[in-house]
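Going down the list, the protein sequences come from chains U and F.
Numbered according to my numbering, the first sequence terminates at residue 346, and the numbering increases by one at each position without gaps.
Numbered according to my numbering, the second sequence terminates at residue 346, and the numbering increases by one at each position without gaps.
In the EDC-like style, the derived pairs of lysine to aspartate or glutamate whose C-alpha atoms are separated by at most 16 angstroms in a straight line are:
#1 K255(U) x E277(U)
#2 K322(U) x D218(U)
#3 K255(U) x E171(U)
#4 K255(F) x E171(F)
#5 K112(F) x E53(F)
#6 K299(F) x E265(F)
#7 K117(U) x D107(U)
#8 K46(U) x E161(F)
#9 K332(F) x E21(F)
#10 K105(F) x D120(U)
#11 K61(U) x D231(U)
#12 K46(F) x E171(U)
#13 K331(F) x E21(F)
#14 K46(F) x D169(U)
#15 K105(F) x E121(U)
#16 K105(U) x D120(F)
#17 K61(U) x E37(U)
#18 K46(U) x D169(F)
#19 K105(F) x E121(F)
#20 K332(F) x E77(F)
#21 K280(U) x E173(U)
#22 K105(F) x D120(F)
#23 K105(U) x E173(U)
#24 K105(U) x E121(F)
#25 K280(U) x E176(U)
#26 K255(F) x D231(F)
#27 K46(U) x E171(F)
#28 K26(F) x D336(F)
#29 K46(F) x E161(U)
#30 K255(U) x E182(U)
Simulated from the structure, these hints should not be mistaken for lab results.
Protein chains: 2
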Amino acid sequence: MEQQTSKELLKQIHAYIESLPYSHEPKGLYDPIEYVLGLGGKRLRPVLMLLAYNLFKEDVQAIFSQAAAIETYHNFTLLHDDLMDKADMRRGKPTVHKKWDENTAILSGDAMLILSFQFMMQGCPVEYTHQVMDIFSRTALEVCDGQQWDMEFESREDVTVDEYMEMIRLKTSVLLAGALKIGAVLGGASEKDAQLLYDFGIQIGLAFQLQDDYLDVYGDPLVFGKNIGGDILCNKKTFMLITALEKSDDKTRASLQEWLKAEDYVPAQKIEAVTAIYNKVGLQNICRDKINEYYHEGMRLLKEVNVEEEYKKNLSDFVMSLMERNL
Amino acid sequence: MEQQTSKELLKQIHAYIESLPYSHEPKGLYDPIEYVLGLGGKRLRPVLMLLAYNLFKEDVQAIFSQAAAIETYHNFTLLHDDLMDKADMRRGKPTVHKKWDENTAILSGDAMLILSFQFMMQGCPVEYTHQVMDIFSRTALEVCDGQQWDMEFESREDVTVDEYMEMIRLKTSVLLAGALKIGAVLGGASEKDAQLLYDFGIQIGLAFQLQDDYLDVYGDPLVFGKNIGGDILCNKKTFMLITALEKSDDKTRASLQEWLKAEDYVPAQKIEAVTAIYNKVGLQNICRDKINEYYHEGMRLLKEVNVEEEYKKNLSDFVMSLMERNL
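Whenever a hint applies, use it, and build me the whole structure from the sequences.
Shown next, in the form of structure tokens:
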């Protein structure tokens, strides 16, 4: 069976998404959708879906609509999350509520969500429709649950590591897992293999998010693509901060809490001071170990999928490339 | 074949919607959904769907999930529209963004939209799934198009009656039409009958919306359930206002435009003056005639549906009761 690399698949799905006929009336509704989908990004979710499908079947173009659906859904969440978070920029460009206005962001997002369901149905073989739509709608709801927890955590001081991991499972992992499972189901995978790929996606998603948390503190700004310390400056309750609060001694915790409450400070000083506390607590290793744990558990699950080992190479290479990018 | 009246169907679908297990974690996301769906309303769309189904089949409970889906979708649009319109009250209760906050309104609305797709799939017979989901997603997108036009019309001075009719077709009619068509498809109707019921819904929806515009000016406040003149006070571009601007002579139009631009006025005086202009233009009859035209065209289409005339009685009685309520 012919296998395609993530790069080959990315090129095709990118072209497919670009070719989607978004541009129609009313322009005030569809221009922002075209804009958001045109901002690019790694197309991680559709590529994962196609790689999973390609473990079982060759004709990846048969599920381009489903792959575009998952990307459209993901971009819908970015659009509405940016509005709720009042974020001004996304991928170096103004967000929709900044470039247009808040009502445009609400309604264009709604239309994108509907389009994602439309694309997911389009050309979906009848024998898989119920299963695919069940996975998709359950996953989509869970992503909303995750966003809700994330917002609620902002005003809470007692978030535990377990709660945080559950939040990122919902907000980040389930969509990667759902993409993989839908790809597998459409590829005709057994229920067991489809579930293994889902579970693989959960572990990999947790590893990715922890890596993001880690890189905000210890990343190379040139490689990371964002400024270092952004999470620290806005007191974001990441794995790093929650673990530091849990593991530090009373004196260190008090000092960390001072920085969280501080209103007048030099940004670079806050980043330096908080990073010093993280170092003292040993967070660099704690977080690396945790990332490796999830990553290896994911790879173990992938090994169990009942297809020839060599077929899995593109998928494992892709995930590895995303993990090694910065660590 | 056993036929049920709209009242019997309303009671059942109301109970079904009340029994839906919305209440789960995170409460901050699902409590507002329960709240919105608990506000009641006429459940017009699900009742229409069940009545259409009941033209062809008896076991209406087989499509309660689809009926709940269309109501959930409709309530999602109310939730997000109220946010976009900054409306404080809905059915005599505070709107979600007032009772909670804007982010809650955005995210709970998103979750409702996803739930509506989930309910629409649930228990949908495989042979109808693609058709039902196609109608639903196309309709849902068209409702967004309608809302977009409605918002764009607010800042335009040159909206024509044709443009207005197209906007209310999208914003109001297609969802009634879609509900009827989905009911018909699930009932096993022929393509022709399903389309006739759709077209019937379009005409009836236009009649309903024009009636709403009419009643805002000429309604009995006790029966109408809203204050009279609300549209006049906020310069809403209804059929009444657009037609008055089109049909009045230069002097009357100038006087109407003065009132539209006026900033300091006694509300009752503005309502009285604008109503006097409407009377002068003969709008009471123009609008009534237009309503009757759409209503009778709808009824003509219903007559063409290929089922025994007596089966249609519940559906035509229901629509008639909604029309006669106030005219």
